[in-house]
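Q: Chains as they are written, first to last, in my numbering: chain A, 107 to 264; chain B, 18 to 877; chain C, 457 to 742.
Hint data in this document are derived by calculation from the structure and do not stem from the laboratory. Since the structure is predicted, the reported quantities are computational estimates derived from the model, not experimental observations. Check each hint, because a few of them may be wrong.
Unchecked claim - Some chain B residues judged to face chain A by a derived CB distance under 8 Å, without partners named:
(1) LYS45
(2) ALA50
(3) ALA202
(4) GLU227
(5) ILE275
(6) GLY411
(7) SER660
(8) ASN692
(9) GLY694
As the list claims (entries may be wrong) - Quick partial rundown of chain B residues pointing at chain A, CB under 10 Å, derived from the structure:
(10) ARG36
(11) ASP55
(12) ASP497
(13) GLY499
(14) TYR647
(15) TYR661
(16) GLU663
(17) ALA670
(18) ILE700
(19) PRO701
By construction, the Cβ of each residue, glycine as well, lies at the ideal position given by its N, Cα and C atoms.
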Amino acid sequence: MSAIHVRTTINGDAVEYVCDADETLLDVLRNRLGLTGAKEGCSTGDCGACSVTIDGRLTCSCLVLGAEADGAEIGTIEGMADGEDLHPLQRRFLEHAALQCGICTPGILVAAKALLEHNPKPTETEIRFGLAGNLCRCTGYDKIVRAVMAAADDMRRA
Amino acid sequence: MPLDSTLPNKREFSVVGTRPNRPDGVDKVTGRARFGADASAPGMLVGRILRSPHAHARIKKIDTSKAEKLAGVKAVVTRADFPDQTNGDAALFDILYNIMAREKALYEGHAVAAVAAADAHTAREALKLIKVDYEVLPHVTDVDEAMKPGAPVLHSTIFTDGIEPKPKKPSNITRRYEFGHGDVAAGFKRADIIVERSFKTEATHQGYIEPHACLANVGPDGQGELWVCTQGHFMVRDTCARLLGMDISKLRVTASEIGGGFGGKTTVFIEPVALALSRKANRPVKMVMSREEVFKATGPTASTSIDVKIGVRKDGRITAADATLRYQGGAFAGSPVEFGAMSAFACYDLENVRAIGYDVVTNRPKQAAYRAPGAPMAAFAVESVIEELAKKVGMAPIDFRIKNAAREGTRSSYGPTYGPIGLLPTLEKAKQHPHFKAPIGRNQGRGMACGFWFNFGGQTCVSLNLNNDGTVALSVGTPDIGGSRASMCLMAAEELGIPYDKVRAVVADTSSLGYNDVTDGSRTTFATGMATILAARDAIKKLTARAAQIWGIPAEAVTWEKGSAKPAGSNAGNFPPLSLAEIAAQAGATGGPIAGHHEYSADGAGVSFATHIVDAEVDPETGATKIVRYTVLQDAGKAVHPSYVEGQFQGGAVQGIGWALNEEYIYGKDGRLQNAGFLDYRIPVCSDLPMIDTVILEIPNPGHPYGVRGVGETSIVPPLAAIANAVSAAAGVRLTSLPMSPPTILAALDRTMAAEEPGTPAGESSRMGLAVAPYRRQGRAGDRRRQRARAAGPAGRGLSRPQAAARARCLGRDRRRHLPRRPARAPAQGQRGVPAAAHGGRVSSAIRAACAGGSPHPPC
Amino acid sequence: MRFERPETIKQAAQMLAGEKGKAFILAGGTDLLVRMRTGFVEPDLIVDIKRIAATRAIETTASGFRIGAAVTGAELGEHAKLKKAWPGVVEAANLIGSKQVQGRCTMTGNLCNASPAADSVPALVAAGAKAVIVGPKGKRTVPVEQVPMAPGRTSLKKGELIESILLPKRPARSGDAYLRFIPRTEMDIAVVGVGVSVTLDAKGVCTDARVSLGAVAPTVLLVPAAAKALIGTKVDKAALDALAAACSAACRPIDDKRGTREFRVKVAGVLARRAAEIARKRAGGK
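Based on the provided sequences and hints, a complete structural model is requested.
A: Written out as structure tokens, the structure reads:
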């Protein structure tokens, strides 16, 4: 299998890598670039733990080939905080105890950020449907929904 | 939030009970936390497992020669690489057989061989080159079918234990259990109304989002390291060392952050295989399960078939309760039927009660613990009958429960007599809750149910080291699965009298601390928490001694108050208090480092009860169910970090919602699992649910210095029944099998429509008509019972009366310890089939065996 | 395995036609990558069509809309004009998978995956959509219902690919709707799907209708008998009853892990009734 050379941007930084033609973006991020914040929960697009943004669009990185990322702008959990400052969503997740084991947390934060960028004042129902692609088995989602609502409030005030 | 106590002398806390951010929080919201699959090592190989495509097959030959020759393949292992070194320990042998098939593959997905290769491509290609010669055998996956005569027998070595005389023919029934007291037949004679029903529940999976993963590294000197996501790294170390013939001291296991477990990570699957590959290749080997492998080859919980019969007088008092529970736990002994039978009637104050359990093997993956193993299914059956009985005697179900509820002094259905317990307070609180009084809408029904779980203590070892700046390094040995490090820091800070953020807790590796049992049985906040408090007290003793030394007064003349040493009284001298930081700063000059330790086998885990209320809406045209409102009321003893207690309540309730409505293992006629993925194994998604309201009650556990009870498991016990009661009320027909998926509900509705005579008035009378379906089920259950009686032969007769009495006595002997400390399941440990009384009065088997999948423990 | 990103549809067709091994087209990849990952397919060539401009655009034309093969569900949902004209089609496409999947999945992929349970296909069939197919021998346009032949199999020949999907102009006083049944509220595959499109006259009488069913037969069905039940009526209760009966009668489902035969037959009628009511309201009917 011949390797493919890819030039992309990840969290604002120019990144180059080579990958196999059938390698997923998730594998590239985790195994080649050491960005293990995106998690592999299913590899079929059903759990959302590997959520990233590509050119601003939320997607499962397990459903994208590494080769497709050429020329794209990728956003991952590792780029969510601004230096020392946590993103309001990250802060609110901590304060609301919106995580238990934490494996789904990076994917949910990336998805929630994308949700709030499209809809700064979501209702509870909109949050619930917006996050339906992110499975969490620990929390029952209650505290996650509350944390997203609180963060949305923070961001509107900011 | 209302926090209640039945004890007047409630302790005041300064730190415990607050809601600070967790110490591992920032790592987890920034993607920095390292889970099982997030580690790597130089020269690392990729490990992959070849799995049986057959549900049941004799493995005649395995030819790995072609795979071994493939470039990039560094090691191949099969059963030949796992010689039996279990020395007659049957439970350990089952684990060995489960991690790598021996003479037979016992379920689809059973590991048959494994490779370690330079990359994933090569590993995948190598698996294709391994030739396995199978002789396919008839299979059985249903619990009732597996008990029938003529069913394919999985093991020629299983002769049902717990019955006299022991059967001479092997069967799939590994053991019969019986719990209870009084005279059930006499009790039923006194009953005015009797309800008898049969129930079935499908197997469900814990559904943790993180697949099993590990990184193994073993050198030719026999020393090894293992990084693994597990609920118990000491268990992993001991089990792997014994399976592979290693010295325990030569294997260091580090627990990664763990992405959920719920009991499913209390045993080993890939870990010994990765270690064997690494040893053979002399290279690090990383193994990560796919989601399909997680479903097919880890440990879901049992599917069950349960009969319940309860009799009641017109005044609403229960006169007798009887249940027969049949649980299949996959291809090996150890379904949680014992806990099902013990817990089935634990919520009630009963004069005559009996619960019989049968542990059955089938061609499914070996079950592992799943949150309150065995109890939710039993509660589903019992609480469904309770609801129906209440209506038949004309009482509100909540009043019926209050009238019959177990309370302090009640002799429990499984033996011990209860101390202070929280069932009545949760019921009374439920009755006052706004949810209980709120109107319900069209097509909606309200249900409720109670639930019980034993909770557990177990072996625990904690170290607490004081740093010279007055901060504290706390080392615990129980993996943190849902925020326990925060709770440990809170308890250490409370005891030492210092701020929460001055304590930092870590989960230490197996070389840094004494043995700790796995994080299970809702034990960590209780047992590790108590060890932390006692380690802090040990440190305080040393701190006061140092202060005494500094002041030149006797150690007994110094007390510890609010984080400082003080002279005990004016007689002791007039010294200004010395803070922890001040004493720690001088530690080097006053005798060296200061540390507190505690190691013990924790006793006194208080039992826990909950009451759940749920409103469900059923679309009568499609059978679709929506959970509209949900309230959990549970006794926490003392909520150390209330946010995470609420989180446990909510998480358990939602797992229960999934179990009740949509989750199930679906097998084809070929014995293969048809829904091994998150698309068709449908765990609840965010949009399926309402907010989950919680009420924490605090009835202190006398067995813990702060009154803590475990909270993690009880919350999954009531939901199946509560939702079944709500859905049955909404649909007007009693649902007796899980999951209550839309086709099931619609079919039940259609059956009742068909059963209804034209012109039957609506309302209650139509509901009576609707009960036709369950009665029909009963007929079938009767057939099943007859067949089973034939199948089981003498098994049906059960324990002789003297044996049962001896057993009941020994169960009742230990009031404080609601669960025994050690497992006693394996014949090698001299337990199987022998009345418990012969072993010093311990309840046979234990949470350890079921939760740890029979992890190795010293014999009783 | 090779990975190619052609710039024109012609190049893409040539690559596909010239490949001796197994060639697959990649647009959103939400089905293809899953099948690769689970070992169902092992491609020798993957042709990513997203660099072909024609596949990326939604165009308003004189005869309606041209939707490029690589237009994602999310992009459909953001196209106000299309959403106004064919709300049922857009809603159906937006039901595929999660928000994450919506960022990638395409209606053309949904069609070519040839699953009987594809959400967007019954809506497209009801809307009278056509597929523009490009191959070594040039272009051809076929009704979408002629693309899937059996589960996982299409009528596309070697070297052919769909460039775009054409939706007709919305006739006056018409409306469409798609409803599906899933056990959860999201993330499931349809157990039953129903697409309905109706046109009314000034008096509210249905003059034209198309009804399509998903997940009740090996391919998505166009059900003329169901349409007939609506045409000439005011889509009133009697017509809806007849519609439901016609839909249930058209079902040829199987028992599987997602639902039983009986369930599918019954719920097809229930959903048809509900979808028709929505379509009628959208057409301005009462």
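Q: If any of the earlier hints don't hold here, list their numbers in rising order.
A: 3, 6 and 8
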